[in-house]
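Chains H, S, F and V supply the protein sequences, listed in that same order. Residue numbers for the first sequence follow the working numbering, beginning at 1 and rising by one. Residue numbers for the second sequence follow the working numbering, beginning at 1 and rising by one. Residue numbers for the third sequence follow the working numbering, beginning at 1 and rising by one. Residue numbers for the fourth sequence follow the working numbering, beginning at 1 and rising by one.
Take these hints with a grain of salt, some might be off.
Just so you know, same-sequence chains aren't split out, so a pair can sit in one copy or run between any two.
[Claimed, not checked] No more than 25 Å apart at the CA atoms, straight line, and that leaves these computed lysine to any residue pairs for SDA-like:
#, residue 1, residue 2
1, Lys-3, Ala-85
2, Lys-325, Gly-211
3, Lys-298, Gly-29
4, Lys-325, Glu-84
5, Lys-225, Leu-128
6, Lys-193, Gly-180
7, Lys-325, Leu-208
No lab work stands behind these hints, which were simulated from the structure alone.
There are 4 protein chains.
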Amino acid sequence: MSKQNLRAGLVGLGAMGRNHARVLASLDGVELVGVMDPAGDATGAARGAQVVATLPELLALGLDYAVVACPTVLHEEAGLALAEAGVCALIEKPLAHTAAAARRLVDAFDRAGLVAGVGHIERFNPALQSLRSRLEAGELGEMYQVVTRRQGPFPQRIADVGVIKDLATHDIDLTSWMAGCPYASVSARAVSKSGRRHEDMVAVVGELADGTMVSHLVNWLSPLKERFTAVTGERGCFVADTLTADLTFHANGAFATEWEALSAFRGAAEGDMVRFAIPKREPLLVEHERFRDAVEGKANDIVTLVQGLRTVEVAEVVLDSARRKTSLPLQSPHARNLAALTQRS
Amino acid sequence: MSKQNLRAGLVGLGAMGRNHARVLASLDGVELVGVMDPAGDATGAARGAQVVATLPELLALGLDYAVVACPTVLHEEAGLALAEAGVCALIEKPLAHTAAAARRLVDAFDRAGLVAGVGHIERFNPALQSLRSRLEAGELGEMYQVVTRRQGPFPQRIADVGVIKDLATHDIDLTSWMAGCPYASVSARAVSKSGRRHEDMVAVVGELADGTMVSHLVNWLSPLKERFTAVTGERGCFVADTLTADLTFHANGAFATEWEALSAFRGAAEGDMVRFAIPKREPLLVEHERFRDAVEGKANDIVTLVQGLRTVEVAEVVLDSARRKTSLPLQSPHARNLAALTQRS
Amino acid sequence: MSKQNLRAGLVGLGAMGRNHARVLASLDGVELVGVMDPAGDATGAARGAQVVATLPELLALGLDYAVVACPTVLHEEAGLALAEAGVCALIEKPLAHTAAAARRLVDAFDRAGLVAGVGHIERFNPALQSLRSRLEAGELGEMYQVVTRRQGPFPQRIADVGVIKDLATHDIDLTSWMAGCPYASVSARAVSKSGRRHEDMVAVVGELADGTMVSHLVNWLSPLKERFTAVTGERGCFVADTLTADLTFHANGAFATEWEALSAFRGAAEGDMVRFAIPKREPLLVEHERFRDAVEGKANDIVTLVQGLRTVEVAEVVLDSARRKTSLPLQSPHARNLAALTQRS
Amino acid sequence: MSKQNLRAGLVGLGAMGRNHARVLASLDGVELVGVMDPAGDATGAARGAQVVATLPELLALGLDYAVVACPTVLHEEAGLALAEAGVCALIEKPLAHTAAAARRLVDAFDRAGLVAGVGHIERFNPALQSLRSRLEAGELGEMYQVVTRRQGPFPQRIADVGVIKDLATHDIDLTSWMAGCPYASVSARAVSKSGRRHEDMVAVVGELADGTMVSHLVNWLSPLKERFTAVTGERGCFVADTLTADLTFHANGAFATEWEALSAFRGAAEGDMVRFAIPKREPLLVEHERFRDAVEGKANDIVTLVQGLRTVEVAEVVLDSARRKTSLPLQSPHARNLAALTQRS
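I would like the entire structure built from these sequences, with the hints used as guidance.
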């Protein structure tokens, strides 16, 4: 291609940052020109890109866009500096450690007229991409319930936020996006059991604005790793496993099970069960391709900062609900957006 | 045995009644003398016992105890008649269709000084029996969370109550019993999707009086049949499947998983996973043996009517919580029991 | 129905005999008039039918047909007596303890012109019924390989033959029937490890007359119970589990799996995987309905004695192959059939 | 460490070669100085090492040892050149495309007195390492049977040998190594169905010198990927899955399963089932560490060329058995080894 490559930078070389470096280093149409991490690059993760210790040094390399993969509490500072410098940004999830900080990021990139997105990678998992398409095509009929489970042993990395903001934001984002509908209310319970400052286990029930029931179980305390999403509706139940990128559909019963010894185990009736063959591309690569396309001004399907903000807002209400052991409504996003629009003008 | 057999009767020959007839017909020390069902016995399910159409006819046979397996809304009437007649009773779960009716049953058998129990059969499942013993022995350490799932296609039988009273009462009973602790609060969401009068899908979060988190997913709308109980705590996670009567323990990670391609799928660390060999006796048979022993005045471990009442009370609060989309506290059972004791004296 | 019921008898009230009694007792158009077992009926398994101690007593009741469910070594004697008495017979598998005995049974019922069948129940499993129909419909394309596994802990019943004749005859019968093709050659290894007189573990490879590869693993020594059949061919792989009556099809890869972390686990490509909804009727009931229809002269699809004989013949060659640790050809059934036809004329 | 690093080279940058390059590039005490591939290095897989087109150029870099990962038919030529040049070698499996070629490699490295090994990577899988230790510790009691399955869709790489030499050599090597016993006889069936020159599906039964039964199912034709090893013996059954590096033990039944509805599905008795927590290190890394240690003269546990030769010999007998549809004995390795020893003196 005669076209100039986009000049990309990376902020943070932790576990996720190293994955971003791997993908950026081989992304078509993009050159990874620099990586910033105060701890340097002990493992050669930068793959030949220049390694610097501060954000000003990174900006001095001349960037079209940067990927922000530093600890969550630093997203705001890094993001605002990028917006100030006129650099587009793909910011890791959650967008920020508080909704207020997330709002400041939305405003900054909005004012600067820069392309900005949030790294809600689960959306790009082949299983959930296929599931959403099938829901949109009406394969399930009416949607009744979305259930997610996300648990496993604690990864030995710094947790500067609790499990609600760190992990449950995956579930909140994918649920609204998949259902095409915002949260209306949530009730949560949470505990902190491992001596960490933040909660490490949460259970949520709630409903979306269209009446769909929602249930999320999220924790860092279980030895069993799970990344599970089930959508039950009129015609059966879709199950997505984002670890193996499998999407399965259990159709409602076509035949009553007459053999009594079996019906006790498998239910009164069974329908076909199908695990779909789906093209399995790496989610992080797809996320990067889409963001690159957005920076290049092509049609795109990225996670916007407003969506990322909304997710942090729901997470804060979940936290509040858990603290107060009560059910809480979500402020209508429409109302909020109107307010936002008004404020901006 | 020279000892006289107990004379047992059965009220109701529906799906569950036929199972009771099968077990009663071969229970040591018991003679099934009569079965009452207005519809008679088309399939020979009474196994030689006399079949009558009304309760007075059944009582006229001279019973030591009766099993009540008619529709839930008729439990109160049948139970009160038995208490009146001085006949002990094992009443199917839920104890009654309302807490008020359940309370009247508690009072009636209490006043009559008769042995009475509730058929919460899940307690007698080998997997849950073993799980409870292991929790009591301290194998889990501190308990953090109890999660149950109970779902499957709708069984083609009459549903005179909704899924909360019909199915979720299993989860409520087994959770309190297993944890040895009453519910403190619940938040629920429920829907009614299949044109039935009552709710057919419910999601609950809550907490027990000792702070243990609870989550229940119960419905009649899923093509996937599940009877799942997981208890997560300090040392790992127990999983009981009451369909196959399997109890499995996933220990917390003993070794970090260094092989990166695997840790993505299986978590940062893995511990031993053990599915225990447990003696698997049929739960209904064990339930019947224990009730028979109780009637004979031997030491026993039956589900008392007070426990059955408590479960219906929690179910009603869950229903109310779902209707009002709010979080509700449970009245302290201690307070209630004190009141009950006072009232009785 | 005004039509006269068929008068059926049962020979043997062991584990399998009790199942036959249950089905015969409620089979439309049939009356179970008598059961013969020298040990009597301690458990009420005869369900009201007369219980006698000898075959002459059973015959004296006047039978249209009898089910032979006594120990394998007694099949010949019982079968010959029935043929002699002009009574049709459904004989449990294997047809007899030796091919010579099986041949005498074929001849006896053939000469008497009586309907006779073998209880190869696996054929009537819904999973295998559906699998065979799909193979006949060409859903797999060319068939490459049939693999079966049949193992589990030793059932505490009398084993008067080894695992090859007792269990592997299931695999031999279902493989030929499903493929519509006889065995051409077999190579086997077997051991006897539990102090029993006969072999208790066998592994077989072989080929059918059309070149399809065959593999069977059968034993009484594994703690893992399995009843597994896989047919791999041009378009993918069918898997039947006859414990749960599930039939699954794994289609050949439709999409290459580009995500490298996944392809290591799941292969270079994946196709759809479908578990079919199939009507699940109890195999023993279907077997009985078909045999009843055959006795009534209606069109039927029973396992003929010639097929049962062929299966015992293959089993004997497997045994011989295991003893001699060599590969052995099967005598062409066509040749044998021609001989049989000639002899009969 | 002040100690000099070993200078390592790599022959071949195909799929497996790239994995070797990744591991060699970060192996303690080793420097990857050069990579040879006639096709060059389009993807940066050499990680900074010099890339050359011919073996003489690679040797000119001055190597302590080389990893041979070119196509199987080229192993002999590359290996002989390395031995000639006095360079130690870790040769990918199978050691060579024929037993005769493998024998020439054994002789060459033997005569040169150089450390040489074969890359039978499955041995280093954590599941099989743990399984072998447990067998040696007597946890299974007497060994009855080893069953392996290795199948999946065809990987889109050049297959210069058939599935017996390419894949079944894994099974042959791991079986002898795990059991500590050579093969005594094999019977095989094989087909070639996908238009490839070599066989693509094979089924083998056989026995080891100590009487252990063996069964292998290996193919490139199934959509279901499996890497399965089961060892059944006196106390139960070990199952190793080398895809997930899981090792599970199913103990023989401790309790009879009295609940009839369950015993039909799960067998007459069940014992504990344990999936062991085992340290999961990447097998290729462990293979490399051990080979490096061997080159450095430290105690080691590598796969010797004589073992690699033996595996190719068994593979050739399997091929021959499949072609002739007969059972074949293996020449006693003891006899062969004696001859080898004599020849060497």
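**Report entry** Hint check against the structure, violated hint numbers in rising order
**Finding:** 4
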